[in-house]
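Enquirer: Sequences listed follow chains B and R, in order. Count along the first sequence from 1, add 1009, and you get the number used in this note's numbering. Count along the second sequence from 1, add 1009, and you get the number used in this note's numbering.
Hints may contain errors.
Copies of one chain are not kept apart here, so a pair can be met inside one copy or by any two copies together.
List time: in silico DSS-like cross-link candidates among lysine-lysine, alpha-carbon distance up to 30 Å [to be verified]: (1) Lys1174 - Lys1138; (2) Lys1188 - Lys1264; (3) Lys1174 - Lys1105; (4) Lys1264 - Lys1293; (5) Lys1138 - Lys1282; (6) Lys1040 - Lys1305; (7) Lys1252 - Lys1138; (8) Lys1030 - Lys1264; (9) Lys1217 - Lys1138.
Note that these hints are calculated values from the structure, not bench results.
Number of protein chains: 2
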Amino acid sequence: MATIVAPLQHSPVEDAEVIRKACEGWGTNEKALISVLAHRYPHQRLEIRKAYQDRYHEDLIRCLESELRGDFERALYRWILDPADRDAVLANVALKNGKVDYRVIIEVSCTRTPEEFLAVKRAYMARYKHSLEEDVACHTTGDLRKLLVALVGVYRYDGDEINAKLAASEAEILHHAIKENEFNHEEIVRIVSTRSKTQLLATINRYKDTHDISITKTLAGNRENVLVDSLRAAIRCLTDKGKYFEKVLRNALNKSGTDEDDLTRVIVTRAEKDLRQIKDLYYKRNSVPVEQAVAKETHGHYEEFLLALLGN
Amino acid sequence: MATIVAPLQHSPVEDAEVIRKACEGWGTNEKALISVLAHRYPHQRLEIRKAYQDRYHEDLIRCLESELRGDFERALYRWILDPADRDAVLANVALKNGKVDYRVIIEVSCTRTPEEFLAVKRAYMARYKHSLEEDVACHTTGDLRKLLVALVGVYRYDGDEINAKLAASEAEILHHAIKENEFNHEEIVRIVSTRSKTQLLATINRYKDTHDISITKTLAGNRENVLVDSLRAAIRCLTDKGKYFEKVLRNALNKSGTDEDDLTRVIVTRAEKDLRQIKDLYYKRNSVPVEQAVAKETHGHYEEFLLALLGN
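Please model the complete structure; the sequences and the hints are all you need to start from.
Expert: Below is the structure:
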């Protein structure tokens, strides 16, 4: 369930006016921006952008870019975008920032539904005039490339059918390859990148039943290996994304210095999806409400904005 | 341009009645079937199927299956299907018939537009409860698998932008890998499987300008190698599909014994697309109208049906 609190009815024109006023003159009224934008669903934000464009002949996003600085700006900018477009931007930034942030590529390709991810690929092409597959292949090499290109390439089957015999045989294929430290074995990439999420879950459950240890725990022993770390992240994203996001939040908040990129990304992308469940998982695991941890580690308008998205 | 001749207006109910009558009693009136079905556009055939179902509470395809035998049946059955669904069936048959017919997988993944191919992938999942990627990965191995999975996986960018610098550098990457006989070089797979058709065409043009020989001719020297043959087919499908289809037709008709699978596939899948251009290319290359070659190599209702689709 989502965490954002938004009215069923709103006036896009009035919202646009509030935003215009908040940006006018010297300084910006960030509180006013948050009071409107943090409390609108994606389609409502789209309507506001349209109303703003019609009324002031200026793109709302460009206007905000010139007004805001730092973590708050980045968070608000991500938030305003349509979810598919936002994921396209996240993936592009992950590829272009010198060092490829493979975790973001895995997160975007494996936690979205096949239809959502398809929309991301369309948005990526519309924005960058390249396919996402093309850019991932271009900015990575070796085994990591093989895995990432396969993960972004697949249009995964979304049905609920489970083939138990297949789960058993593929659990053994995985076990054997991992036991031999053949993490780049093409069968691992095939199974993780092409099977439906339901089928893959059946396979890793079977793995656990047979070998008394989960496949992600087995892989955790080799976490400094980028390929193993990626495989592990992909399996976690595909089979238990709630737990995966809780962990990203926990790591981001516990880091000395806080990882604002990860923190913003999880809250912004999940606020209108399943942030409520992620919050529950966080509380269960850390015995502290995530709002409290966020309030402790962030400050100012950035803090206010994240807390608004968290449902405060 | 398409070759089929169909009326703008038709009555789906009357068409269904003609078909019913043609199938009733002892024997089948194949001529009547051809006179209706060979002269209807995809959406019209869909309306006929619906009208037939409503009126006779029976699926038209099942009814025809019980009436028809051999090449004519297979051709008519392929023809009746919606184009995306038909491609899904073609791909599935190519994968499941013991030996994988990689040429069909390449043809379907590389000659359709990105949107058309996406529809094929959706149709495949709806029909077989697996993704096409999954089944291709499952039924192939080694280098061929790498190439085919990449080709079916990609959602290719469809824009017209050309990056000339990139074309030059990637032409050199291709040239170097081919010169060293490294046909399984991951850069070849990356370039062929991820670049837009327009960009790839610029790259192979550049290759030809620099090296005075086309890349497909260079590859032709190693045609008995399945991977090289596949790469060559993919490049031809992606950059000049008309010429590719002409060649498939020519080979199918010139073979001793005629390759009915290839012949049917090209005529049925292109009749409502670009069969007119393919016919022109065929005439230019062979100095014989393709209708004449088809009439010589086939007979009976199968011949009549193919000729009808060819626009006779």
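Enquirer: Are the hints correct? Go through all of them and say.
Expert: Now the hints, each set against the structure:
1. For the homomeric pair lysine 1174 and lysine 1138, the shortest alpha-carbon distance between copies (16 Å) is at most 30 Å, but the shortest distance inside one copy (43 Å) is not.
2. Proximity of lysine 1188 to lysine 1264 under the C-alpha cut-off of 30 Å is found in neither arrangement, the shortest distances being 32 Å within a copy and 50 Å between copies.
3. In this homomeric assembly, lysine 1174 and lysine 1105 come within 30 Å of each other (Cα to Cα) only across copies, at 19 Å, whereas the closest approach inside a single copy is 42 Å.
4. In this assembly of identical chains, the alpha carbons of lysine 1264 and lysine 1293 lie at most 30 Å apart only when taken from the same copy (19 Å versus 70 Å across copies).
5. With identical chains, the CA atoms of lysine 1138 and lysine 1282 are at most 30 Å apart both within one copy (28 Å) and between copies (26 Å).
6. Proximity of lysine 1040 to lysine 1305 under the C-alpha cut-off of 30 Å is restricted to the intra-copy arrangement: shortest distance 19 Å within a copy versus 81 Å between copies.
7. Proximity of lysine 1252 to lysine 1138 under the C-alpha cut-off of 30 Å is restricted to the inter-copy arrangement: shortest distance 28 Å between copies versus 34 Å within a copy.
8. Taking the closest pair of Cα atoms, lysine 1030 and lysine 1264 never come within 30 Å of each other, the shortest separation being 38 Å inside a single copy and 76 Å across copies.
9. Taking the shortest alpha-carbon separations for lysine 1217 and lysine 1138, only the inter-copy value of 25 Å comes in at or below 30 Å, while the best intra-copy value is 43 Å.
In the structure shown, a violation is registered for the earlier hints numbered 2 and 8, in ascending order.
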